[in-house]
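J.: Sequence:
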Amino acid sequence: MVRLADIAPEGILLAGAGRAILLQIAMPGVGYGVARHSDFASRPMSRLNATLSYIYALSNGSADDVRRMRKAVNRAHAPVANPPRGPAAGPPEATADPHYDARDPELQLWVAATLYDTAIAVYERVYGPLTPDEAERVYREYAVLGTALQMPAELWPADRAAFHAYWEGMLPQLSADPPIRAVARELLRAERAALPIRVAMPLARFATIGLLPPSVRTLFGFRWTPVQQHRLDRLFRVVGPVYRRLPRALRHLPQRRYLATLARRYP
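Counting in UniProt numbering, the sequence shown runs from 1 upward without gaps.
Honestly, the hints are just simulated from the structure, not real lab data.
Glycine residues also receive a C-beta, built at the ideal position from the N, C-alpha and C atoms.
Heads up, some of the hints might be wrong.
[To be verified] Label-pair distances were calculated between CB atoms; the ranges are:
(1) Ser215 x Lys71: 32 to 38 Å
(2) Ala260 x Leu195: 18 to 24 Å
(3) Asn49 x Gly128: 17 to 23 Å
(4) Ser62 x Leu246: 37 to 43 Å
Using the sequences and the hints, build the whole thing.
T.: What follows is the structure, given as structure tokens:
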């Protein structure tokens, strides 16, 4: 029986990392929080690293790992709000930015939903469809990505059918204003990232755009042709069998490295 603990460590899921981030920032409450409160321009991989640490800790980490990541995420989310929270924030400034609050359960639901949907999209391309029982179990377990923060359990759609309805209802609410497109450009160019990441970016950019829902591609102004779709499908057909034959230790290497350094990075 496949579970979250089996799916989350698979290194191949990194192929969907850009997809998940673009889906997240296309929700204005998330995107403006990232654009206004993060160092995305100078550290474009910081959000990905934090997200991976969080997923690995909650899916396969120790109780101490979970505690560290919950504390770290809540600390990072504390100042991310418009208007600012708390009596020390002072009077709100005039701004055209939408209201946002990183502790908003609805926004946390959306972020968790993008992580779940992306993981399943990539995993099933490589391993084939989960059985109905496995799919429901994994879906229920993914709720922890929201419930570990401020999202109440009852906010997570009851089953996959309810999730599909939620997902289809959310896609028309997404947008990509200029500040959000700027964040997307920083992500996909990765000009200030380490050399290995810059070398890998053309392929990562191709996979990111190809894995997005068509409506979201359009929002960001990405061009995508049937020829490109054929190339993406062929890429997964070639990579899938090779990846499945890799030793488990190699497939799960990113998770092991992240968990091994968690205490140092998140004291």
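J.: Next, verify each hint and record whether it holds.
T.: Hints, verified against the model:
1. In this structure the supplied range 32 to 38 Å holds for Ser215 paired with Lys71, their Cβ-Cβ distance being about 36 Å.
2. At about 23 Å, the CB distance of Ala260 to Leu195 agrees with the hint of 18 to 24 Å.
3. Checking the proposed 17 to 23 Å range against Asn49 and Gly128 shows it is violated: the Cβ atoms sit about 30 Å from each other.
4. Remark: the range hint 37 to 43 Å for Ser62 to Leu246 is contradicted by a beta-carbon distance near 26 Å.
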